[in-house]
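Novice: Here is how the chains run, residue by residue.
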Amino acid sequence: MAHTAEYDAKEAWSGGQSPFRVSYGKMFMWFFLISDALTFGGLLVSYGFIRHKYAEIWPKAENVFTHFPFVEQHLPLAYVGLMTFILIMSSVTMVLAVEAGKRMDRRGVLIWMFWTIIGGLAFVGSQAWEWFHFIKGTDTGAMRNVWDMATQKYVLQEWHGANMTVNEYGVPQFANYFFFITGFHGTHVFSGVVINFVIFMNAINGTYEKRGHYEMVEKVGLYWHFVDLVWVFVFTFFYLL
Amino acid sequence: MEFHDDYPSYETMYNHDEAYGKKARRTLWNVFWIMLAITIGELIVGFMAPGKGWSGSVWLKIFFISFTIIKAGYIVIAFMHLGHEVKFFKYMILVPYLLFMFYIIFIVLTEGTYSGQKANVTRVDPILIQQQLDLQKGHGHGSGHEAAAGHQEAPKEEAHH
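Chain order of the listed sequences is A and B. For the first sequence, our numbering begins at 796 and goes up steadily by one. For the second sequence, our numbering begins at 14 and goes up steadily by one.
Rather than coming from a laboratory, the hints here were simulated on the basis of the structure. The reader is advised that the hints may include incorrect statements.
With a straight-line cut-off of 27 Å between C-alpha atoms, the simulated DSS-like cross-links for lysine-lysine are [claimed, not checked]:
#1 B:Lys-150 <-> A:Lys-948
#2 B:Lys-36 <-> A:Lys-1014
#3 A:Lys-855 <-> B:Lys-65
#4 A:Lys-848 <-> B:Lys-103
#5 B:Lys-103 <-> B:Lys-35
#6 B:Lys-103 <-> A:Lys-1014
If you're wondering where the values come from, they're calculated on a predicted model, not measured in any experiment.
The following block holds chain B by itself, in its conformation from the complex (with noise of 0.2 Å):
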């Protein structure tokens, strides 16, 4: 049994005859020299770098970023068939992820800063010096929860003990 409604027929929507098909071939295999284009010059680069002394420089990582989203951009808009949706759809699709995207390197790279710095591994080491101190000692966990007794998360321990 099927069902049926008076929707339209997505499946088939994008369908098309020989004629268009020619031209489609055409544009799919010109991405892909463009695509190989991109890779080989990558690769001639990228090969070249450590002699030349590029290796690690600023210039070198836009070149290679810029190509590499070129490369993305080719195979999301051609291959996947995204540049020939609906405009809604390409929104739905790309805004939520770039937004997502951004951000969490829009985080990295403010927050991760820090990271490793001086003031916070201080913070953490007394409560480790304390604890690695009382292993070596033979003690059991009791001094353990002395020695953490500032510790907020002490308590939780003991509940697990």
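Just chain A, with the same shape it has in the complex (with noise of 0.2 Å):
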């Protein structure tokens, strides 16, 4: 057993095999994790940076995404707490596949991959909801100013939604980094259910029971799990605070 097994430190630099004991695939998996990671805390250092600079108009979130799919009721962050629950839920059957690959438990790998793929369709439909109903905004709407090119003179306009110019809520500024980061975050989701489906059908096809391991599952999971790793700083950052 590689888990328990003692690893002297001058023994593993002494060359005849890789001092880090991880197969070069895993290794650039880690490696291009790291360097979307640093986007990732890019972007949401740069929106903290932005939220503190405009604190006092800056809107709060839970002002925002109210909605909850067929329920006419404020219910501030249920939402999002179900999106939460959905993409940790898929983490783990994501997990439990990677240890059934670890056993060479082919159906084991099938049945788990199953569900975080359903999971991670399931989610993306949850944010093209969410953003459906940020971008198509309230019944009561806001008014803004705008400047009449008739009359040169400005005229107050109702207005409903948001887009990258026009916020509803508030400053654009909330609208773009909202599109930008979970829009960032859909996209790397939206991969990942197709990387974890080709995964899947390789599984089926049993093309890694014909290699002698299921390392292709674990190196996608990393992937996957990097992914609820992201939307647990957003759910934070975006939503909580």
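The task is to assemble the complex, starting from two chains supplied on their own in separate frames and drawing on the hints.
Specialist: The following block contains the structure:
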């Protein structure tokens, strides 16, 4: 069992083996995740910077995201809580697929990867629903000043929802950061679902049975957990704080 | 044709049997319940915060960020299996990343404090105001350059046009 094996530091660097005891594929998946994590870290730090610079006029997330499907009530944070639950759940099913792969249990890998893909699709769908409601806006909307070219005067105009330049809920910068950070994360979730599906098909075809190990499941699992990891931070900095 | 060397097979090195798998699965489910409890706790506090007047307080921020870091730690150590990797590998992954993140947070906290202050705005304004005036007058590029003669980037703009 490599899990408990003692590992001598001098022997590790004496050659003939990897001192890190990982295959190159897994190591470079980690390297990729580090670079991706730096991108997300930079985005969240810049979000925090702008948010504190405009602290007085920054909209509160609990006043923006208050919808829940099929419920006509003011429910702040409930929907994003559900999304977080879906993603954590799919992370658990992914890690169970990895665990099954380490026992060379093809059936286990297939079952758990199937649920992971379902969870990923559910998350992407939830995010699409949230974007839809954010863009569509509330029934009451907000008033804003618009420059009227004909009369050369500002006139009041009713406005619903948010886009890149106008935001019903507050400063447009909030909408820009929301679209960019959750959109970037959603792109990662979507590509994760696609990669999961490819690995799932390979597992069905018995590719990894022939190869003698299920390390590809572990590598794609690393990516999937990273997506969950990023969401934990987006959830805190965007919705809770 | 396959390539063989006498390297250890790292792909199968961490494989395990059913007995170990049972133990590993129990750990993973425990981690899941802890993370679920933390998330529900965060949601309850976030739900109560506006009514109790906690919104925006320092303690609320410390509460949320510290629990977020605990959750992130569980994901990286248990789910991503970094806790079971070799010491050198852990350091190689974590140290450069944390170094960069602490650096960028430090820079934002120290250097970001004077962004938007009047002292910085006035340094830019005269040029902008002059350009706006030129545009309103409907003059060409020529007058714009005269106005921005003291500006270092003026020759570059000329080459551009």
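Novice: Against this structure, judge whether each hint is valid.
Specialist: Okay, the hints, checked on the actual structure:
no., hint, result
1, B:Lys-150 <-> A:Lys-948, "holds, 21 Å"
2, B:Lys-36 <-> A:Lys-1014, "holds, 22 Å"
3, A:Lys-855 <-> B:Lys-65, "holds, 15 Å"
4, A:Lys-848 <-> B:Lys-103, "violated, 36 Å"
5, B:Lys-103 <-> B:Lys-35, "holds, 25 Å"
6, B:Lys-103 <-> A:Lys-1014, "holds, 16 Å"
In this structure, only the earlier hint numbered 4 is contradicted, and the remaining ones agree with it.
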